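Participant: Each chain, letter by letter, is given below.
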Amino acid sequence: MIGSSVNNLVEVRNVSKSYHRGSQLVPVLEQISFDIAQGEFLALMGPSGSGKSTLLNLVAGIDYVDSGKITVGGVEITTLGESELADWRAANVGFIFQFYNLIPVLTAFENVELPLLLTGLSGRERQEHVKTALSLVNLSDRMDHYPGQLSGGQQQRVAIARAVVVDPAILVADEPTGDLDRVSAEEILSLMQRLVADFGKTIIMVTHDPRAAERANLIRQLEKGLLVTDSKPPLQASCS
Amino acid sequence: MFFLKLIIRNSFRHKLRALLTVTGVAIAILAFGLLHTLVNLWYLGVEASSATRLVTRSSISLVFSLPISYQERIRHIDGVSGVGSMNWFGGVYISEKNFFPNFAVEPRSFLQLYPEFLINDAEKQAFLLDRQGAAAGKKLAAKHGWKIGDRITLKGTIFPGEWNFVLRAIYTGAEQSTDETQLFFHWAYLNETLRKTIPRRADQVGLYVVSVTRPDMASEVAQAIDATFRNSLAETLTETEKAFQLSFVAMTEAIMIAIQIVSYLVIVIIMVVAANTMAMTARERIGEYATMKSMGFKGGHIAATVFGESLFIAMIGGVTGVILTFPAAHSIQAELSQFFPVFRVSQTTIALQLSASALVGMVAGIFPTWRGATIRIAEGMRRAG
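Heads up: the protein sequence lines correspond to chains A and B, in order.
When you line the first sequence up against the numbering used here, it's residues 44 to 283, in that order.
When you line the second sequence up against the numbering used here, it's residues 415 to 799, in that order.
Quick caveat, the hints were computed from the structure, so don't treat them as lab data.
Misleading hints may appear alongside valid ones.
Here chain A is said to cover these stretches of chain B; the calculated rule only asks that three of the stretch's residues, wherever they fall, bring their Cβ under 8 angstroms from a Cβ of chain A [claimed, not checked]:
hint : stretch
1    : 582-592
2    : 607-620
Straight line, CA to CA, 25 angstroms or less: simulated SDA-like cross-link-like pairs of lysine to any residue [said to hold, decoys possible]:
hint : chain 1 : residue 1 : chain 2 : residue 2
3    : B       : K419      : A       : P147
4    : B       : K712      : B       : I421
5    : B       : K419      : A       : T162
Okay, the calculated beta carbon distance ranges per label pair [claimed, not checked]:
hint : chain 1 : residue 1 : chain 2 : residue 2 : range
6    : B       : T437      : A       : D78       : 24 to 32 angstroms
7    : B       : A672      : A       : G163      : 55 to 63 angstroms
8    : B       : R790      : A       : E168      : 53 to 61 angstroms
9    : A       : A80       : B       : L773      : 32 to 40 angstroms
10   : B       : K419      : A       : F242      : 52 to 60 angstroms
11   : B       : T437      : A       : N57       : 34 to 42 angstroms
12   : B       : R790      : A       : S110      : 17 to 25 angstroms
13   : A       : S110      : B       : I675      : 36 to 44 angstroms
14   : B       : L433      : A       : S194      : 24 to 32 angstroms
15   : A       : N50       : B       : L430      : 51 to 59 angstroms
16   : A       : S183      : B       : S760      : 54 to 62 angstroms
17   : B       : K419      : A       : G163      : 15 to 23 angstroms
Since we're looking at a predicted model, the values are computed, not measured.
Don't be surprised by glycine CBs; every beta carbon is placed ideally from N, CA and C.
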């Protein structure tokens, strides 16, 4: 759990990132700065190649900035080494992927248990945590099923249970509904909204889907590596 | 425990691939074990040789014989405790395919010099008393269905004619390495016949076997024997039984080295095949490794999973190969006992087989382990997508 007294959970300052493509240096993000408040549900939108997934990776600590600074919960993660960053991620970040990324040879229960292996909890404690997480996503009756025996929506719910089981302060989701049908996507988005509303989680979601983005509290648009607009989703904007 | 479970389940994720890899390793380890046993067998005579026995032969070549009169002169040399003579007879039983070693010996001294050939007292007496008597190894007798009292006819190749013997004794080996596929008969019977048919070849022996009172006297006694017959018509060359056996092995050493190289090549080939399989496996799972890393697992965790899987598969194959070696060795011995009288898989061979399996697993796991441990998460995620 991130222990910080600051209002902003995430502070991104002048972050730039580029990739080498052969001998060419391709800029992906240029001088990006923004904040994410504790308990915010942020949607990052933009066309393909705009840099939204790269920005998500940088905030989640799975990629490195070329320049700039990212602070999460008072920890400047851009100064951490690989091993420190791994420890930080284990305690503070939960990941939700487009294709669920469950380990196929492990049951739903074991997939959710996986991140807890790094916590030093006893077997009994891990079991309790896993059961709680699976009941949160309403999959208590499927804990012995392997991913191949679950539908796409169910797999994504297992992935969400895995993401929240260590009680991280920040959840990052890369196209979490991109591989789901309409009904399953709605279920997942509702679940994510519940995590923010009931459990105070902070979620950063990359999406192409405007309907998914509408569930967020705030939408940020990226274009060609630049943050172009911030906006409230239409429904929430009309309420405020 | 969790990681062990993950390793085991990952190992059998692609059942056909795992089965083929395990089978490949098992066959390679089986082949390695059999070839290694074969090479060991080749040196078995050397290992079984006694430190207190010397062999005296013609200094020109083993083909040339020595006079029987040398026996008493050797017996009187200081440090000699016993002397026996042997002639390679080279007889054929029914046809050439039934090859087995057969020697003309002086039975009393021979049995004293070779205590590893065990014969019960009644049969020993019968063998000693019958000039046409023969003693055969247990395996040889079993192979041809011989019983005590049976008449055995050998066709002479070095000593022409048909030679009839009566089986008076069946010996067993005191050691596992003792050859039980030989036949011995009285040199006196051979000599009597030669006196009548080819007198110039009578009263000759192929070699003398000399026992010394103490092993440390072997060199001194050997020199004394050769000095005794220096400048005679038939000069001698005396060496330890081990050196004598080694001189035979040396003739075929190149073949043995070739077999050894082949046995190691088999391991190298399966190593490459297993490495390819593991690399393929790791490539398919890059996304999973990246996912685990994103959760906070470090390179060491991933490395342990990949390396463990490689080692696990190789060891299953290795243990299967070791288990299969025993029935395979048994079959070889049953079918080819005339060439391989003792085809025993040694503990050293088993240890080498298991070590080779572990080596296959470790080497096959190096590249995928490195790949899995060092994969950048963002890159791995892209591949997973």
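Participant: With reference to the structure, classify each hint as holding or not holding.
Facilitator: Status of the hints after comparison with the structure:
no. : hint                                : result
1   : 582-592                             : violated (count 0)
2   : 607-620                             : violated (count 0)
3   : B/K419 / A/P147                     : holds, 13 angstroms
4   : B/K712 / B/I421                     : holds, 16 angstroms
5   : B/K419 / A/T162                     : holds, 19 angstroms
6   : B/T437 / A/D78: 24 to 32 angstroms  : violated, 59 angstroms
7   : B/A672 / A/G163: 55 to 63 angstroms : holds, 57 angstroms
8   : B/R790 / A/E168: 53 to 61 angstroms : violated, 32 angstroms
9   : A/A80 / B/L773: 32 to 40 angstroms  : violated, 57 angstroms
10  : B/K419 / A/F242: 52 to 60 angstroms : violated, 30 angstroms
11  : B/T437 / A/N57: 34 to 42 angstroms  : violated, 59 angstroms
12  : B/R790 / A/S110: 17 to 25 angstroms : holds, 19 angstroms
13  : A/S110 / B/I675: 36 to 44 angstroms : violated, 58 angstroms
14  : B/L433 / A/S194: 24 to 32 angstroms : holds, 31 angstroms
15  : A/N50 / B/L430: 51 to 59 angstroms  : holds, 57 angstroms
16  : A/S183 / B/S760: 54 to 62 angstroms : holds, 57 angstroms
17  : B/K419 / A/G163: 15 to 23 angstroms : holds, 19 angstroms
Checked against the numbered hints given earlier, the structure breaks hints 1, 2, 6, 8, 9, 10, 11, 13 and satisfies all the rest.
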